[in-house]
Amino acid sequence: VTISARPEGPLVQAGALLGIGLGGFADGIVLHQILQWHNMLSGKVPPIDVISIKYNMLWDGIFHAFTWLMTATGLGLLWRAGGRNDVPWSTRTFLGSMSLGWGLFNVVEGVIDHQILGLHHVHPGSGQLAWDIGFLAFGALLVLVGGALIRTGRD
Amino acid sequence: MSVLALVLASASPAAWACPNCDTAQTVRAWMFQTDFWERLSLILLPLVVLAAIVSQLDRVGRAERRERS
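Line by line, the protein sequences are chains A and B.
Quick note: our numbering has the first sequence finishing at residue 218, numbered continuously throughout.
Quick note: our numbering has the second sequence finishing at residue 83, numbered continuously throughout.
Hints listed in this document are in silico derivations from the structure and should not be mistaken for laboratory results.
One or more of the hints may lead you astray.
[Unchecked claim] Sample of chain A residues facing chain B (criterion: CB under 7 Å; computed from the structure): (1) 117; (2) 129; (3) 171.
[Claimed, not checked] Cβ-to-Cβ under 10 Å is the rule here; a few derived chain A residues that face chain B: (4) 71; (5) 107; (6) 113; (7) 173; (8) 203.
We put the CB at the ideal spot given by N, CA and C, even for glycine.
With the sequences and hints as input, model every part of the structure.
Written as structure tokens, this is what we have:
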């Protein structure tokens with residue numbers, strides 16, 4: 064019997080989930096907390112006083128609790144992939160997958176939350192579209208770099 | 015002296031009451047009484063889409079054909 068398999072798959076899945084989770088943390092730490100931009104519901108409830116800032120902070124926390132779950136799941140998948148002899152253990156594939164995951168996070172979050180739902184913008188106010196496009200472009204770049212690393216990791 | 019003032023200030027009701035202060039109560043009430051489930055589902059939508067994409071990533075990689083007897 065002839066069977067086909069894609070041996071990098073489990074490592075790519077684990078790395079992508081870790082990239083999504085760590086990308087979400089980078090977003091939360093840098094954009095939400097340090098710069099005080101990009102708050103979760105700021106398109107609906109602008110953070111202009113203590114109550115609205117705390118309200119946004121609470122929703123930020125809920126979102127990041129779920130990105131923590133993505134990270135923990137990615138760690139579990141990585142542990143499982145590491146125990147399999149048929150999964151090639153490649154640094155390039157793993158780093159590429161994490162880059163892919165972070166890029167996907169930016170692209171999907173950017174398209175859905177910024178462009179479709181209007182829940183928030185990266186930097187609300189004048190020029191918000193430019194910031195949103197920059198966020199998407201950075202995500203697309205990470206996806207391309209990740210894809211290239213995954214491809215070279217097979218060689 | 016300033017250390018003593020800091021210790022006394024941290025022990026005052028105003029300092030420890032904040033987790034349940036007026037603003038915190040207002041925010042929690044607002045959150046759970048106003049469209050909580052709708053907002054939660056909107057916020058989680060990108061993560062659901064991402065999970066769906068990741069579930070397809072096991073197809074990434076070189077297709078390898080193996081013989082199994």
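Status of the hints after comparison with the structure:
1. Of the supplied interface hints, the one on residue 117 of chain A holds, with its beta-carbon coming within about 5 Å of a beta-carbon of chain B, less than 7 Å.
2. For residue 129 of chain A, the suggested interface contact is upheld, since its CB lies about 5 Å from the closest CB of chain B, less than 7 Å.
3. Taking 7 Å as the C-beta contact cut-off toward chain B, the hint placing residue 171 of chain A at the interface holds, the least distance being around 5 Å.
4. Taking 10 Å as the C-beta contact cut-off toward chain B, the hint placing residue 71 of chain A at the interface holds, the least distance being around 3 Å.
5. A hinted interface residue such as residue 107 of chain A counts as satisfied when its beta carbon comes closer than 10 Å to some beta carbon of chain B; here the least separation is about 8 Å, so the hint holds.
6. Of the supplied interface hints, the one on residue 113 of chain A holds, with its beta-carbon coming within about 5 Å of a beta-carbon of chain B, less than 10 Å.
7. A distance limit of 10 Å between C-beta atoms decides the matter here; for residue 173 of chain A the minimum to chain B is near 9 Å, and the interface restraint holds.
8. The restraint placing residue 203 of chain A at the interface with chain B is violated, with a minimum CB-CB distance near 14 Å, outside the 10 Å limit.
Hint 8 from the list above is the single one not met by this structure.
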